[in-house]
Structure formats: C-alpha cells, structure tokens
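**Student:** Protein sequence lines correspond, in order, to chains A and B.
If you read the first sequence in the working numbering, its first letter stands for residue 1, the second for the next number, and so on.
If you read the second sequence in the working numbering, its first letter stands for residue 1, the second for the next number, and so on.
Treat the hints with care, since some could be wrong.
One copy or any two copies: either way a pair holds, since identical chains are not told apart in the list.
Result set (PhoX-like, lysine-lysine): computed pairs, CA atoms no more than 25 Å apart in a straight line [as the list claims (entries may be wrong)]:
#, residue 1, residue 2
1, Lys190, Lys147
2, Lys335, Lys180
3, Lys178, Lys331
4, Lys489, Lys547
5, Lys153, Lys77
6, Lys178, Lys80
7, Lys319, Lys512
8, Lys512, Lys335
9, Lys319, Lys178
10, Lys5, Lys80
11, Lys225, Lys331
12, Lys489, Lys147
13, Lys335, Lys178
14, Lys225, Lys335
15, Lys5, Lys77
16, Lys458, Lys512
17, Lys190, Lys225
18, Lys381, Lys458
19, Lys476, Lys547
The hints are simulated quantities; they were obtained by calculation from the structure and are not laboratory data.
There are 2 protein chains.
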Amino acid sequence: MPSYKAPVEDVLFLLNDVFQMQRHSNLPGFADASPDVVEAVLGEAAKLCEEVLQPLNRVGDLEGCIRHEDGRVTTPKGFKDAVHAFAEGGWIGLAADPEFGGQGLPYTLAAVVNEFSSSANMALAMYPGLTMGAIAALHTHGSPEQKALYLPKMIAGEWTGTMNLTEPHCGTDLGLIKTKAVPQPDGSYKISGTKIFISAGEHDITSNIIHLVLARIEGAPEGVKGISLFVVPKVMVSADGALGERNGVSCGSIEHKMGIHGNATCVMNYDGATGWLVGQENRGLNAMFVMMNEARLGVAIQGLAQSEVAYQNAVAYAKDRIQGRALTGPKAADKAADPIIVHPDVRRNLLQIRAFNEAARALVLYTALKSDVAHRGGDDKERQQADDWLGLMTPVLKGVLTDVGFDNAVRAQQMFGGHGYIAEWGMEQFVRDARIAMIYEGANGIQALDLVGRKLPKDGGRAVMGFFNEVGAYLKEKGEDPALAPYCKPLGGALQHLQQATMWFMNNAMAKPDNAGAGSVDYMHLFGLVAMGYMWVRIVEAAAAKKAAGEGDAAVLDAKLVTARFFMERMLPETAAHLARISAGADSIMALPAEAF
Amino acid sequence: MPSYKAPVEDVLFLLNDVFQMQRHSNLPGFADASPDVVEAVLGEAAKLCEEVLQPLNRVGDLEGCIRHEDGRVTTPKGFKDAVHAFAEGGWIGLAADPEFGGQGLPYTLAAVVNEFSSSANMALAMYPGLTMGAIAALHTHGSPEQKALYLPKMIAGEWTGTMNLTEPHCGTDLGLIKTKAVPQPDGSYKISGTKIFISAGEHDITSNIIHLVLARIEGAPEGVKGISLFVVPKVMVSADGALGERNGVSCGSIEHKMGIHGNATCVMNYDGATGWLVGQENRGLNAMFVMMNEARLGVAIQGLAQSEVAYQNAVAYAKDRIQGRALTGPKAADKAADPIIVHPDVRRNLLQIRAFNEAARALVLYTALKSDVAHRGGDDKERQQADDWLGLMTPVLKGVLTDVGFDNAVRAQQMFGGHGYIAEWGMEQFVRDARIAMIYEGANGIQALDLVGRKLPKDGGRAVMGFFNEVGAYLKEKGEDPALAPYCKPLGGALQHLQQATMWFMNNAMAKPDNAGAGSVDYMHLFGLVAMGYMWVRIVEAAAAKKAAGEGDAAVLDAKLVTARFFMERMLPETAAHLARISAGADSIMALPAEAF
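Chain A with its partners taken away, still in its complex shape (with noise of 0.2 Å):
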C-alpha cells in the first residue's frame, strides 16, 4: 500500500527562503501569514492529508461513485466524513474573501494545500477543488445577493459547486453549445440542455450543489460571443438560506472511466431547471474564465502532486527492494543483494522525477505569489507585471507540469518492475489518476494554442518580454558568481533557444499560422524547461547562501545542489531537440490530404 508524507520542509524553504514570501506583508493577508503560521497551517494540513484523505485514496479507487436508478450517487466510503473534515478543518476558505467567511490568507497557501490533498488523494480533493473554483468565479462575477446566498455556505463547506461547460458535440469548442436559457418573468431563467464530463455533478457528500452553467439565452448571438453563465442550484435556496424543492437538474448517468474512480463524472440533464444569470448577458465565457483559470492551475497542482507521491513511494521501493549487484561491486554484501537503489538507471529516474517535482512546486509557488500580488497588489506597475506572468504562466504550468507529472508516474510505476502493473500497490492508480490532469480543463494541445495564439501577442508582447527581462537581469547580476555560474550557464543557452523560438513565430507565423500551431507544444514545454531551470537557479542561489551561513540541514541543501546540476545536464539539454522542431515548420505536418491518414 502507498504511503505519502507532505513535502512541508521543502515548501517552507520555497516560501523563506527562496521567494521571501515576507516581502509582501504589506499585501492583505500576509501580514497574518508569518513564518511561525505558515508552518503551523501547513502541518495541520499535512496531518489532514497524511492521516484522513490519503487512506481512501485506494478504497476510492476500489469502490468508485455509484448512481443509483433515481439519479442520486453514493461515493465511496469514507469520503463524505473526510470532505467534511477538510471543510470544518476551513481549508476550502483558506484564501476566501473573510466578508463571507473565508480566512483571507494569501491564495500561495491554498495553492499548497491543494498540492498536498491531490497528492493524498486527488479524486477526493476535487470535491473541495471545484468548490473554490465556483467561489472565485461568484465572487469575482455574482451579484451582492447572490455572493450573499451562495458564498458562506460553499465557503463552509456545507455546499460544493461545479462547472459545466462541456456538452456530447463540444467541449474544446465551446461556441457550439446548445443548452438554452429561456428568460422567465421574475428575473430568473429555465435551463433546458445536456452536460457531460461534470466531475463531482452528483453525489451524497452535500445537501447542496451549486452548478455553474455555460448557456445560451434565447435569441443570444451564434458562437462563444452568445453565451452566459448561470448558477443553478441542485436544490432551490430561499432568501434566507433555507432548502427547498429540487431543481429541475439530474445525472443522468455517470462515466466509466480510467481513474479518478472516487470522484462522479456525470451526465447532467437540465430540464427547465431554474437558474440565475451571473455576471453580464453573453459575456459567460468571461466569468467562467476566472474559474478555469484557477482550476487550470489547480489541475497543474494535480500533475505536480502525482508525480510527488509517486516519487516518494518509488524511493521507499527502491530502497527496499533487493536485485542484483552494483556495477562497482557489492554494497550490501550482508544480503542476497543490493537495494536498487545503486544502480544508476533507478537513481536517473528518480532524480528525473525529483529535478521536475522541486523545480515545478517553485515555479507553482512563484505564480501563486503573483497571483497574489496580482489580486491583492497596491502598485498598479507590480500588479501588471504579476498579472503578465500569471497570464502567460497558466498554460504553461498545465501542460507541462500534468504532462510530466504523468510521464513520471509512469517512470516511478516502472521503478516497481511487475508490481508497479498489479493494483495492489498501487502505482497503477497514480498513472491512471495522473492521465485526466493532461485533458480536463483545456486539453494540454489547446494549452499550447492558448500560450502561442494569445498569451505571446497580447499586449504587444509585453508579458513574454517581461519574462525574459527578469530571467536575462537575473542571469546578468548572477551569472559571474563562481557558485552559480555552472547553473546559469547552461540556463542561459536554454533561455537564448527560447527567444530563438519565440523570434522564429514571429518571422514564420504570422503569414502562416500553421507554423504557429506545428510548433506550439514544443514550444510550451520549452518555456517549461526554461522556467523551472530558473526556479532552479533561484533554489541553488537559497540554498548555497543558507549553506555558506552554516544554517540549514547540510545534507538536504547538498541534495538541492546535486538535483540542480542533474536537471541542467540531463533535463535542460531538450530545449535545442525542441528547438529545431519548431524550426522545422508546419510543411511536412500540412503535407498530406485528410484522407492520406
């Protein structure tokens, strides 16, 4: 059975360390945020995820959601008690607005609370995931009445929400969407349409949920410019708060589906159920934006959190397990033979897992913390330029990092030889769990559109040049330090093969947009090799100053360094491949007729 303990040192070294969260006391929420609380907060998470959420992760898996033939779902067993307790423990309003109950503690937090559940068990904390996401997209775009009906409740835990976008004929392309709104004469409107792929759209954890619903109003112009956004809840809420009848909402069915067997995936049928607009007439996708964006790097934590748990139950194996001999000659010459830990090969995959882990959980925090400066900044120049990076970093972090942290729990699955394929142990699950993050919320070859076709133009491409201003000045200031430069070289490179990229768009993509589009999953996973080669280069700078002043555990600053110079010879040398793949154009891709496939 898989065991996981929360990364909380690592975290906090992040968080002190390398960022100095510190310097943003002045930001609403910081201030309460001293190093003495976060470490505090944090290990009562740790517990919560360690001892409550992680023991169903398997059983979640075993079990799965069951719909029974009223449409009601039953999740596995133990669920409805731990989302519960994660609820009262008020992790869901870590970071919520305090006016309707929340803690106001700085969104970074959140961030790595929601790291430590998805590792813990990522089907179960979808259920308090997607809620904060509806929390965000209400508070951002609801009404006063409606934050005031919807808020404290979800906040509390006591109602979960969702997001429906998706219908059987579309999901990617969202202006095909064809549920109806029909106005009714008290303001509220009759939802008639079918919703797929709704995860958590049913269930028994809660007497409420609050659906968050992409439809067309009647008469509403073709195309994503005619569609709004409704709340609509399963069970109708009174002004007071007080249940009432149910809606005319139901699942219909749920998926069979590879992993994630813990949360439902449903079929939602809206039959003139009522629900109210949120935000303005036709600018839906506007308002649901700000939930998909925090659930596109909630889903980035996920990839991150896979690969975590599945690197730190592929070390305790590797430790463990004992097969053949080192290469140089016995190390354990007391046993039958050596733990596999001493051969190279299994050492290259776990470095390779970790060198990604260390660097992905910088790179998330570093944007959580702009996220903050974003949301909460008093400078307007230090708000753009986190907003900038917010913006240009959201696609990037979900597809590489739920690429990647795919691909390395199929690596630690490996490191298990034929155990890793047998349920029991399961690293089967983290493979099969770990496969949704690379599709839901913006499928990771629609990310890379999103990053070439509309983060890199925006605004005269004000905010990739913002990127390479602060990685070029970095690597200016940094870059002659005897203890850095043998990171900040290779970075260097890898940063000029980036621009190189970046200068081949805009020569051969603009008149030809298919060139764009050939190269743009390249390019996205190298702006992800870039930027977690900078995170890197950041850690070495901490953890080489805290070792120079005699602080910190020696052996685990050693192992930041050692991981560091591995990722740089042995993961950072991809940017050229990828490179002369964007290089290489669309014309062998475009070549051939449809039917020639």
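Mind docking chain B on chain A? Use the hints.
**Tutor:** Same frame as chain A, now just chain B:
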C-alpha cells in the same frame, strides 16, 4: 467502440519492395512463401484478427479472468473459441518444424501475424504467443522424446505453454531463485516452490498446460549457475500422449492488474510437481533464453501493435470529430466546425505515431528476416552477421518499441479529449494494455543494460561494428542520390551521434561502469532512432523507385516520402539530446547517498 484493420498492404510493400524477401528463397520454407502465398496467408490472418479476435478485446477487458475456489480459472466469454479458431487456422505452427506438424514458413510471417493479433486483442494473443515461445525452447533444448510428446499437441494448439521464471523476491535477478527440484529414481524431478506473474498460468481454454519452469536442483551451485529448466505439465501425460492425473501444480491466485485483463496472471504453486529436465543440468537460463529472446521480440511487437491500433482509431476520430476552425480559415464551411484533423497539432501527433509505426514495422520485419537467416541460412558468415544483428537489435526493439508504443497509445488517447478517458471509447484500454510491455520479459532498463553491458562488448564489438558498417555503407552508396540525399543527410548526423556515444562508453565506462548504467537507456533510444532512420531511408528508396516506375498507389508512396521527412525533421533531432545526456556521465547521478533520496 474501436475498430482495427490489419496493415496488410504496408507489410507486403516492406516484404516485397523494401526488403525483397524473395532474395532468401534458398532458405528452408521461403520457397513456399512466394508473394502470392504470402498475400493470401496474411489476408487470412487479417480476417481472423479483424473479425474474431478484435470484437473480443473489450469483452476481455470488462470480464477479465476469474479464479474459482478450486483453483480453476475461467477466461472471458468467447476467448476459448477464438483461441481454438486461431489454432485450427494453423497460426500457432505457422513457422514451426513440419516434423511436428508445423507449416515451416518463415518466422518473419509469424512476426507479422503476431502484430495483427496483438493489435486486435493483446490479452488473447498471449495464449498462443507464449505457446510459440515454449515450442521454440522445447524444440531447441528438449530431448527427442520430449519433443515428440509435447510439440505436436502444442503446435496444434491442443495444449498451451508458459514460462515460469519470476518468484516473489526475484524477477530481474534470477540468481536468487528458490524453487527446488529433487531428483527421483525414475529420472524425473519433484518441483516445489512459488512462481508469480505467470501469464496464462491457468485457464479453461485447453485440456493441458505445459509449464517451463526454472528451478534449482538440490545441491546445485548458488546463483545463476545453479539453475535448471524443467518441463512440468499441468496434467500428466503418458508416453502415448494420453492425459492422466493432475500434476502437483496449481494456481494459488490471480493478480488484479492495470490491463490485459483477459489474460490470467497467476501465482503458481508447485507442490512436489513432477517435472523433467530440459537440456543440461544448471544450464537452465541458457535454455530459457531461447524462449526469452523470442518473447522479447514478441513483446516489442506488442508495443508496435498497440501503437498501430491506437493510431487507426485516433485517425478515424480526427476525421469525424468537428471542433473549431482551421487556423487558415474554414475547411468544412458547410458544417458548424472543421474536423479536428485540420489542426497542425493534431496532425503532428498523428504523424509522430505513424512515422514510428511504419519504421518500427520495417525494423521488426528486417530483424525477423535476419532471424530466419540466422536459424535457417546456409552461409556461415551470413548466418553470423544475421545473428549479430538479431542479438544487438533484440533489446533495442523490446525497449524502444514498447516505450514509444505506450507513449503513442497515450498520444492517440489524447486526440479524443475527454472521450479518451472514458472506457467505452476503448482508447484507455490500449494505454493500460500497452503499459505491461515496458515491464515484462525484462523491464526496459534491463534491456538497456543488456545492450550496453552485454551486446556492445560481445565478440569485441563485432555486432555494433557490423551495424555501423551496414548503415555507413548504405549512406555512402546512396547518399549522393538527389532523391535520397535529403533523408540520408540527417541520418548521417544521427549515426555520428551514435558512434560518438559508443566511443564515449569505450573511453569512459571501462574504468567506471556507472557511466554505462547512467547512459544506457538514452543509448538504447538513440540506437532505436538511428535504426528507424535507416529503415526510413530504405523505405524512401523503395517508394521513390516504385513511383518512378509508375507502379503502386501514388498517394500511398507520397505519404511515405512525407512521413519520412517528418521523421527526419521532428523525431531524429532527439539524438543530440541523448548524446548530451550520455556524455554527462554518472557523476550527478551517483553523488547523493541513498538516504538523501
């Protein structure tokens, strides 16, 4: 529901046009394999796989195998009849010795049928597949009496075969085997011990199962030099072939695993079961290697097979699913959206799978022909060269085709968006089934070690020099041909990378073997890319010649040229990254103490 069409045309193009199989008509069995016979044989195989095996693929996944309390195992509905249909078609004995009822046709054709049947139904194809491996081992190392007793029934498919190597505490390190064999006065042995992960170890398909079992004869030396091979029938067989009592071997449990649910993975308990020595005492590994090498090629083909069937279904979906518009403007203006095959990134993914599939198939067939030459050829030198190629390429094929085959199943699944995650679409089954191929018959890390540690240095590097000479001579001869130069040039660069990597090992791994272990998997994939690049230039040569002669389907031949270009531009550049990683050596990998992981 997924579908499958066997790529008969592509195989015929490879056998007839690219490799000119008829050149080998002097070999036993090849004279019977005239082009029209081959076409007819493969057409029959295709029909069986498409119409009988494939429709049972999803049934097998859903039902799985069931072990009853008495140890009996029931296979999924339809499996028994389908395996018998396969046997009655003569497919198990297609390449087997006519003396025992085989058809004696080239092994190359059996490899093709293996691809078709594994694409159609991998779990089912393993029943005859393992039997063929057991036939090969008994044919090579069995006594005349053993051959006469077992081979005719196995070739006829009346009995199946298994291989029993792994025990709970050892898979890779067979020197740790504990299963005991105690000599009996009648020349037989009593076998006792537990074997795990035994595919098709128990089932209801045939009346007997012939287990080949590795065990240690009482008093034998420790380690791999004390292991012998035994044949242990499930049901005792009298000299006239009649079935008698049950032998002391039974299935203790079956594993719940990620995929290939239709094939029972058994814990086999040997409780004083009667067995007979196969080959020489303490030379069991040697004898088992006949079966393992054949099985490794078979597993490599499974990787290709899952990649092929996943590709076919992804293409069908990409042509059918409409979503969004082409970047260059609507292509299906009469519809609400364009089919997603207009998008460069969708095509890139499809071409990446296809460029692999077609080269991998060529490499499998070329290697299978070498196997036929090695086992049936007359000329000593030719036979030795063929055997060198076979030994060198077996780990490359096993490791590369299963790693990339799995990646491609994931890639094809991704084209389906959310539907790819849902069981009823069948794509996630391909991923789950393909995953095992990276693990069994020697996990891919072991294949890489076999390549670098054994196959490279063997006979003073004769095999790898032979490979370099063959590809180098080809490039020298054809590299100036204007039709081939654009393909030969990148291959020449990639070959140099491989040669540099080989040289790097010679210079750096003798004194420090960890350098070999640290670079072994990169080297294996680098080797695979060069070998597939070599296949592509040979395919291009044949396609260009055919086109120039006005023969064949021009659209098919054009697609070969475009796909080859895609391979050279977008897949071969990876060789540089592999070389960079290999040259980085083992330092950062070995630096950390085990506790630091």
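**Student:** 25 Å Cα cut-off: does Lys319 pair with Lys178 within a copy, between copies, both or neither?
**Tutor:** between (55 Å within a copy, 22 Å between copies)
**Student:** Are the CA atoms of Lys458 and Lys512 at most 25 Å apart within a copy, between copies, both, or neither?
**Tutor:** within (18 Å within a copy, 52 Å between copies)
**Student:** 25 Å Cα cut-off: does Lys489 pair with Lys147 within a copy, between copies, both or neither?
**Tutor:** neither (51 Å within a copy, 65 Å between copies)
**Student:** Given a CA cutoff of 25 Å, do Lys178 and Lys331 count as a within-copy pair, a between-copy pair, both, or neither?
**Tutor:** Between copies, since 22 Å is at most 25 Å while 65 Å is not.
**Student:** First find the shortest C-alpha distance between Lys5 and Lys80 inside one copy, then the shortest across copies, and answer within, between, both or neither for a cut-off of 25 Å.
**Tutor:** Only inside one copy: Lys5 and Lys80 sit 23 Å apart there, 47 Å across copies, limit 25 Å.
**Student:** Checking Lys225 and Lys335: alpha-carbon separation at most 25 Å within a copy, between copies, both or neither?
**Tutor:** Between copies only: 19 Å across chains, 69 Å inside a chain, cut-off 25 Å.
**Student:** At 25 Å max between alpha carbons, let me know whether Lys335 reaches Lys180 within a copy, between copies, both or neither.
**Tutor:** For Lys335 and Lys180, only the inter-copy Cα distance (21 Å) is at most 25 Å; the intra-copy one is 69 Å.
**Student:** Given a CA cutoff of 25 Å, do Lys5 and Lys77 count as a within-copy pair, a between-copy pair, both, or neither?
**Tutor:** within (23 Å within a copy, 44 Å between copies)
**Student:** Please sort Lys335 with Lys178 into within, between, both or neither, judging by C-alpha distance up to 25 Å.
**Tutor:** between (66 Å within a copy, 15 Å between copies)
**Student:** Within a copy, between copies, both or neither: which one fits Lys225 and Lys331 at a CA-CA cutoff of 25 Å?
**Tutor:** For Lys225 and Lys331, the Cα distance is within 25 Å only across copies (22 Å; inside one copy 66 Å).
**Student:** For Lys319 and Lys512, with the copy left unspecified, which applies at a CA distance of at most 25 Å: within, between, both, or neither?
**Tutor:** between (53 Å within a copy, 23 Å between copies)
**Student:** Given identical chains, is Lys476 near Lys547, meaning Cα to Cα at most 25 Å, within a copy, between copies, both, or neither?
**Tutor:** Intra 23 Å, inter 56 Å, cutoff 25 Å: intra-copy only.
The structure fails hints 6, 12 (numbered hints given earlier, in ascending order).
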